[in-house]
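Trainee: Given next are the chains, with one letter for each unit.
Protein chains: 2
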Amino acid sequence: MEIDYSKIKVIGFDADDTLWVNETYFREAEVEFGKLLSQFETINKIDQELFKMELQNLPIYGYGIKGFVLSMVEMALELSNNTVSNSTIKAILDIGKDMINKPVELIEGVETVLETLSKTHRLIVITKGDLLDQERKLKQSGLLDYFHHIEVVSDKKEENYSNLLNHLKVSPEEFLMVGNSLKSDILPLIHINAQAIHIPFHTTWVHEQVSDQDIKGKSYRTVQNITDLLPFFK
Amino acid sequence: MEIDYSKIKVIGFDADDTLWVNETYFREAEVEFGKLLSQFETINKIDQELFKMELQNLPIYGYGIKGFVLSMVEMALELSNNTVSNSTIKAILDIGKDMINKPVELIEGVETVLETLSKTHRLIVITKGDLLDQERKLKQSGLLDYFHHIEVVSDKKEENYSNLLNHLKVSPEEFLMVGNSLKSDILPLIHINAQAIHIPFHTTWVHEQVSDQDIKGKSYRTVQNITDLLPFFK
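Line by line, the protein sequences are chains A and B.
The first sequence begins at 1 in UniProt numbering and counts up one residue at a time.
The second sequence begins at 1 in UniProt numbering and counts up one residue at a time.
Among the hints, a few may not be true.
Each pair may be met inside one copy or between any two copies, as identical chains are not told apart.
Unchecked claim - Result set (DSBU-like, lysine-lysine): computed pairs, CA atoms no more than 35 Å apart in a straight line: (1) Lys35 <-> Lys9; (2) Lys52 <-> Lys157; (3) Lys102 <-> Lys45; (4) Lys90 <-> Lys9; (5) Lys216 <-> Lys139; (6) Lys52 <-> Lys183.
Calculated from the structure, these hints are not laboratory results.
Chain A with its partners taken away, still in its complex shape:
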């Protein structure tokens, strides 16, 4: 079913990998981590084990850089059979600090799109991850003024979106979500009868990937660049 764009009053944007680059830095960190531990295991095995450790710790640490760093430290102890050096532990902590201090790199076209759409629609940011990190990135991005509301959530499930729409007093058919993750930004919206547009980013965390089964029969629109949104609202 095609979206009736004339009904849309509020547009929600995911932040990481939709407004600015993020996943790239996690991939780079994993490469660094692999190099640091290469004496103990193959890069492939290190990658796999780190991912398992992240998933295992996700319920207690949640999303974001700090939990990722804690998982890397734990993984280093485990992979090395408790023989990893103090300097490697220090290097892991430094990877985390570098990630937190990365400058915000906007994805091309973001500013034009937000400037245009903010004139006719209420724009909000809906992002998961660390509250402080996301606030810092929003401030640095220079995009804050385009948004009526910023919502940092601990997860992006149907329930989180339903609560937010209630809170904002917006009905599902008036709401469009835009984001790079099928799992977090698209499928939950389809399930609550809201609208969603997918803009893939060139790299996706395995945990955000969905199976063919998950999207079977689900109808959503995919565009390649954020600027492709503009013609829909002309």
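Given chain A, work out where chain B should sit, using these hints.
Mentor: Below, chain B without anything else, positioned relative to chain A:
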């Protein structure tokens, strides 16, 4: 100036050490940490250095357990001159996981007070710290139904409160904040002409302490137990 309680429409509650025990677990963790590193330094020195490290990392890690654990790991490397054992690093990670998994212990009287006041006032929670941790504690606390709104903020400065009151469409004279930290829950409210009641907790993190200068000439009410709030609203 005495608070005009008849004007109050919305009451904000701090969470950690106001609704439930929290700081006690950080103190216990610091004692554990001191024991783990006792071969390298005196307990006193370890305490001081850890506090300095936490403050130094606060701008990047923010409040909450994960940043605290990362600071402990970094401190262990530094205090030991990079000779700390892998098993000690593992023990530090475990301190953090234990803290995150602590059951929620409500402060005496909290449930009675919330049940009573929720009949006549809009109650909200305003807390800083880790989003996932605070959501988990709220769910576990069984208190969620008493609150109209939960706000997890990255810091509790005047600006954060002003933004929140705007968002909730409440004027400062209609708002009362209740909490254990003069720095975070009381002084910013006085500065924006809202109302605040202080309920001291038996232990306060050094970073939350204020100087005599800070509170000089500031007028606020202190009560010893949360149940002492009830007579004001009779």
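Trainee: Indicate, hint by hint, whether the structure satisfies it.
Mentor: Hint by hint, here is what the structure shows:
Taking the shortest alpha-carbon separations for Lys35 and Lys9, neither the intra-copy value of 48 Å nor the inter-copy value of 58 Å comes in at or below 35 Å. Taking CA atoms no more than 35 Å apart as the test, Lys52 paired with Lys157 passes inside one copy only; the shortest distance there is 21 Å, against 39 Å between copies. In this assembly of identical chains, the alpha carbons of Lys102 and Lys45 lie at most 35 Å apart whether taken from the same copy (27 Å) or from different copies (33 Å). For a Cα distance limit of 35 Å, the shortest separation of Lys90 from Lys9 qualifies neither inside one copy, at 49 Å, nor across copies, at 50 Å.
Taking identical chains as interchangeable, the C-alpha atoms of Lys216 and Lys139 lie at most 35 Å apart only when they sit on different chains, with a minimum of 33 Å there against 38 Å within one chain. Proximity of Lys52 and Lys183 under a CA criterion of 35 Å is satisfied intra-copy only: 19 Å inside one chain copy versus 41 Å between copies.
Violated hints for the displayed structure, listed by number in ascending order: 1, 4.
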